[in-house]
Structures are given as structure tokens and as C-alpha cells.
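Peer 1: Sequence:
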Amino acid sequence: VKLIGATSHYVTADLDEGPIIEQDIIRVTHGQSPEDYVSLGRDVESQVLARAIHAHIHRRVFLNGNKTVVFPASPGSFASERMG
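What the sequence shown shows, in my numbering, is residues 1 to 84, in sequence order.
These are calculated hints, taken from the structure and not from any lab test.
For clarity, every value in this text was computed on a predicted model and none was experimentally measured.
Using N, Cα and C, we set each Cβ at its ideal position, and we do this for glycine too.
Misleading hints may appear alongside valid ones.
Here are the simulated EDC-like pairs of lysine to aspartate or glutamate, each with C-alpha atoms no more than 16 Å apart in a straight line [unchecked claim]: (1) K2 - D36; (2) K67 - D14; (3) K67 - D16; (4) K2 - D24; (5) K67 - D36.
With beta-carbon atoms standing in for the labels, derived distance ranges [claimed, not checked]: (6) D16 - S39: 14 to 24 Å; (7) T29 - I57: 15 to 25 Å; (8) F62 - P34: 34 to 44 Å; (9) Q23 - R59: 18 to 28 Å; (10) S74 - H30: 17 to 27 Å.
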């Protein structure tokens, strides 16, 4: 395993098939333990979900069919400073 990732998307009738709002990955090494992988995975999932929710509630996510267009946070905003 070299990468662990997470995706946040809108819910549809099909599992994990909704339009994607946010994604991220982190690099891992063979020297890390399974517990490290679980912890890191939870961290990246939390960050991705927080950014997706923030984008949604600030109306920066627009649906275009089964795809999304996500506009970046304005410079100097909480999301651009804290959430990359």
C-alpha cells in the first residue's frame, strides 16, 4: 500500500456512485502498522468530509448531470486557510 484515499460524494441509489464533491490521498509506507493505516485513513476521511460539507453549505458545489463543479474557497476564507 502506498496511498490511502477518501472520497466524499452525494448519495444516490447506487452505492458509492454519486457525484463526487471532494477527494484526497495521503502517502503511506510499508513501515507503518495496520493501526497507523486505520488512523491515517480516518484522518483523511474526516478532512475530506469536512471540506465537502463546507463547500456544499457555502453553495460552491454545482451539479451538472452526474458530475459536479466545485468552486474553490475565496482567498483568506476559513476553508482556504484550514482546509487547503
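Peer 1: Let me make sure I understand: some of the numbered hints might not hold for this structure. Which ones are they, in numerical order?
Peer 2: 5, 7, 10
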